[in-house]
Structure formats: structure tokens, C-alpha cells
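Residue numbers (this note's numbering), protein chains in the order written: chain A, 1 to 605; chain B, 1 to 127.
FYI, nobody ran anything at the bench for these hints, they're computed from the structure. Fair warning: this is a prediction, and the values are worked out from it, not measured in the lab. Here a beta-carbon is modelled for each residue, glycine too, at the ideal position from N, C-alpha and C. There's no promise every hint is true.
Unchecked claim - Label pairs and their in silico Cβ distance ranges:
#	chain 1	residue 1	chain 2	residue 2	range
1	A	Gly59	B	Phe40	47 to 53 Å
2	B	Val97	A	Thr522	32 to 38 Å
3	A	Gln580	B	Val103	40 to 46 Å
Read off the chains here:
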Amino acid sequence: MPVATRQPSAVLLAGIADVGLGVGGAAAAAAAVAGVAAVPLPVFSDYGLVAELPPLFWGGLFGLNVMLGLALWRRRHALTAAMLVLLVGIVYGAASVVDRYPRLEVSWRHLGIADVILRTGHVDPLVDAYFNWPGFFAGLAGFMHATGVNGTSVALVAPVLNGLLWSVGVAAIVRALTPDLRVVWLTVWLFTLTDWIDQDYLSPQALTYFFYLVAVALALRYLDASPVRTLRGAITERGRVHGFLAWWRSRQPVEAVPRQRVVAVLLVVMLGAASIVAHQLTPVMLLGGMLGLALVGRLWAPRLTVVLGLMLVLWFLTGASTYLAGHPVLFQQGVGSAAASTLRERVAGSPGHMVVVQMRTAVSAALLAVAAIGALRMRRLRLLDRRALVLLVVPFSMLPLQSYGGEMIMRATLFSLPFSAYFAAEALLHAGEPVGDGSQPRRARRRSWQPLRLVAVITLSALFSVGVVTGRYGNMAFDAFTSAEVRGVEQLYSLAPPGAELIAAAKSTPWKYRDYTTYRYTTFTEVCRTPLRARPCFAAVRAIAHSKQLPTFVVVTRAEREALRLQGDGSYTTVRRMEQAMAAQRFRLAYRNPDVRIYEYTPRD
Amino acid sequence: MAATHNAPPKPAAARKAPPARTPLLAAAAVAVIAPASVLFALPQPVRLPLVVALLCWAPGYAIARSARIEDGFLFAATCVAASLAVTVLGAVALVLVGGWRSVGLTLVVGAVTLALALAQLLRRSRA
């Protein structure tokens, strides 16, 4: 019995291979972390973090991808899951290893809004848009105070926590579409390596995106419906409108237990409600997704869309009414102007910055191309799940509704990402798999494709790894802050009396984390036309300072100068001339350190 | 569907097994102890895990148990998402009524959790 005698050794070899994979994956992850930890701050390159990372990091990241591919192919699910956790930690947490302070000015700002609620216990909707959607900040304030955890620590680990939560959400969605665990893992893998969109920092959108993922997963799993009639047959029989309605009404629930459906509806409503009070865009995306599913006859509870819509309108008319009085939510722009706004604001800057922008576009385009192959193959084999296609397309259909500050294309890409990653995973795992009418036996032909697919997955993951690190951390020169910058801003708060005007050169300043409503904040880029010109901009700043009863403080930091230069809004020379003009005309240098200079203007009595 | 590899998982026809008792009791215990730890300002190393368990896990766990969600990914995601949703909604409700306090938030989330867990335990004892 050769099989019987070979079995123990085969098991032993397989065990050794698994241990090797595990050790290899852990070593690769450790190398990547050690590599990124060696990067000094500040980052000076226009390409961002990618230009500063040592070969050790890349070796580790590529090694982890190879180990992940091998674990996936060997169907070692626990190992694959563990390595995915490491990958998510590295991709989402790289900046948190480099810097001891949270990246992105907006993270600091969000801490400031939570701080207002913590101190006052209420929100003033007149302050700005954040106070019209206070859900996230009220929860964050409660969490920070009840746990006693420092806000900057929460902001520092938030990207990794959000990355992990999103991964679970994406896995839940894909699990509702297919029982094949390898597709689940590969989708999460591709999602992680193509999510350059950088919305995972401490923010309402990161939390509500997780709500969106879970709500969609619940709808796919428990609220699926299947029309009994065929659409074509119904239309042939009863005409277009009546035929469509007859087909649509013939839906039957896929989930057999009514209680499951009811609980799922309640959960989706609850997640929708929490999104509505916390973020402007996510509930609209959720409503759009549910409407899309309902239209294609794949939502058992179409009235869910009515409930979500009513809750949304109710919040617009009550909680967010102050903000909306001056800011129309929908249809404020046409497709052309929304797209132009997005492109104008996002695709501009220094040559290095442009490379980063192009890399981001290339990553998304490449994923969509592979996803298209997967979707076409599934359609050809009549395996296409329309629900995934609808949820991929719906976010892009929202583009005409709002430019969303020039970010709408990015946000639509993020909301469609789980589904493009799913189709891409299907393509990579099953492309070339025959239906079974060829001359070769099906199993043998499938086997012959396996090494090719593994190589394709590992090659693509290596390319995406470079793309995602470049895309996510392409602005590290100005969105990461040094200790000197944080110290400088602390000094700014100690110098400025309450009510003073604080002016920064650009938004990239680690401020507003405290006294959000105590001071008036503005930037050169808000009060001057861009690209900045020293003389008129100085005149505008001086006019503001001159018109105030209280002192005005102008803070110029390294990150601000880099932001102006990289985004094409100004140059070092412009800022230097501004500073020279300030020094010459009643602006006193009140504080300086290697990365920060603070000028004070005191009005005459 | 002619699908082999991507047919959606078949929903179970009947799920009669009642939810396990110990985790529900744990959720109920967290719902009581965590607000108390905030109210009496216990040391941070004690408070931190309790409050994290309350705001990020306990109410969602009770809900997910009640829903009898079988898929592991969806169960885990629902536990956290539903808990955070309860936290967000509770916080907004407190802000709107002008009574926002971190202790109040833990009390609200604790009360919701306790109610859900006790309802589950009652159902279990009747089953």
C-alpha cells in the first residue's frame, strides 16, 4: 500500500512547509516594520514615503506577499488570515511607525471637535458642518473620556484599527457572495493593496464606511431575493412596464427564516441611522446601494429604502438644517463641473506630486481592468452576481450629485472597491478555468493553470504594493508632522489670547486639536488667490490683522511650506518674501524653532 | 445557477439552538461593571478594557446573538458595528437632550446591552 506508507511523511512535509510559511511571513513582516521604522522624519521627497523606504522594507513587503500567495494556494486559511492581518498592519500603519504623532491635519482637527463636546456637552450647529453631523465626535469624546485614553494615541492607531475593521467587513460581504474562502482572502488582499484613498484616519467617514460594509453584508446575506419569473418572459407576456412590475413582484426571499430577515432589516436601519447622524455622504451611498439592489429585484425588503430615505430627510430637516440652509446637498453641480472640480483640485502640483497622482489613478485603473475580466468571465459562464455589479456601479452614479469638495471620485472609488476587488479576485483565481467541453480532462487543465495564476497574483500584489505605498503616503512631506512642529503649535496656543486670529500658510498644520471654537483659524490659501503671490497676499494678511482688536498670530511651518510647493499653491520664495515683509512691518517674531516660526501682530490702541 | 465555486452559501433552514449563556452573562456583567468603573473613576488600566468591551463589543454581541448570525466574519463585524452604532446613537441622543456626559453614555449603552442580554437569557430559559 504505497499510499498508506507515504501518508505520514507527506503530512510531516506539509507541516514543515506550513511552519516555514508562518515563520517566513512573520520574518517578512518584521523586516518590513524594521525597514519603515528606520525612515527619518521629515520626509523631503516629492514622491513621499516611497522614496525614503530602505530595501529592507521592500524585501519584507514583497516577501510577505509571496508567503501570502503560497498560503492561499495551499489553502492554509488560518495562516492566510494571520498574514493578512500583518499586511493590513503594515500598509495602514506604516506612517504610525515612522512618526509618533498622527498624520494629516484633519485628524488633529477631529480631536478638537471631540474636545469641544467633551468640554461643553453640546454642539453649536452654527460653528461648521462638523457640528451638524456630530455622531462620531460625540461618541469619540465619550470613548476618550471614559477610557482616559489620550486623543493623539487614538488617532495614531486609528488607521490600523479601521483597516482591520474594514477587512472584516469586506470579508463578510464576499462571504455572502461566495462560499469560496480563497476568494474572500484574495479580495481582502487586493482591497488592502489598492486602497490608496487614505480615508482610514480618525474620522466619521472611516467609521461610517465600516457601517456601510456591514449593512451591505447583512443585506446580501439575509435580505437577498430571487424573482420567480424571468424578466424577458414577463416583458414578452405583459409589456415593458407591467412585465417589469410582474417580474419584480414575483421576488421570493432567499433567506428562509423570517426572523433572520426582520433582525437584518432592523440592523441595517440602525447602522443607517448611526451613519446619518455622523456623516454626510455614507448614508447617501447606502441608500443608493439599497435602491440599486431593489431595482434589480435582489432586495427582499424594498421598503427599507423608504425608511432610510425618510430618516435621511428627517436629519437634513432637523439636525443638519443649519448647515444646509446655505449649502445645497444635491445637484449643486453637473457631472462636468463636479468632475472638473475633482480633477482641478486633485491633479495639480510639482512633477513629483503628479507622479504620485498618476500612480493612484494607475492602481485603480489596473484593478478595474482585472475586475472587468472577472466580471466578463462570470457573465459568460452565467455566474455573474448582479448584486456585486450593482454595488460596484452605484457609487460612481453619485458623481453628478455632489463634487464633495473635489473628493467625490475618490470616495466613489472607495465605496466600489470591495466589489472591484471581488471581481478581480474571481478573475485571478478562476480565469482560464474551462466549463468542461475541451479535450483535456477538466481537473488536469485546471491544474495546469495554477502556477500561472499564482505567479500572476504575486506579481500583481508586488505592483500594487508599490502603488499603494506611493499613493497613500505620497504626501508625507507635508501630511506628517515633526516634534518641532507639534511643539511650535503648542507654543502658539500658549502665546495667543482667546479670540485671537490664527493664520497659517497652509492647512497642513497640527492645530485645532484644542480650543476649536476659541480662536479664529484661517490660512494664506483661504484669504489669498492661489498660486500665492507675496505682495498681495501679505496685504490681505495685514488687512485681516489690522482689522482685529486682538493680536493676530501667523504661524509658518515646514509642512505648510512643503504643502504649498507640492500642491502648486506657492513656493519657498513666496513664503520667505511674506516672512520678510511681515518682519519689516510690525509683525514681531514671537517664537521660532527649526521647523516653526510664529509672528505676532498687535493692533495699536 | 450553474455555479460551483461562487454559489452563495445556503441559508440554514432552521436555527433552533438557543444562544450560549456564558457570553451573554459576560455581556450583561460588562454592561453593569463598565459604567460603574467610569462613575467611580477606577484606575485607567481597569477602566480601559471594560469601557472598550462595553462601547465596542457588548451590545453588538447581544444583537448578533439574537440574530443568530452564523457566518464568522459577519458575526464579528456585526458585533463591533452594532456596538459602535449604539454608542454613536446614544451619544447623539444625549447631545440632543443636552445631557451629554461620558458616564451618561456608558450608562445608556450599558442599559441597552443589559436589556438585550436579559431578553436573550429569558428566551433561552423559556426554550
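Outcome of the hint check:
In this structure, Gly59 of chain A and Phe40 of chain B meet the distance hint of 47 to 53 Å, their C-beta atoms being roughly 51 Å apart. For the pair Val97 of chain B and Thr522 of chain A, the supplied restraint of 32 to 38 Å holds, since their beta-carbon distance comes to about 34 Å. For Gln580 of chain A and Val103 of chain B, the Cβ-Cβ distance of about 53 Å falls outside the hinted range of 40 to 46 Å, so the restraint is violated.
The structure fails to meet hint 3 from the earlier list, while all remaining hints are met.
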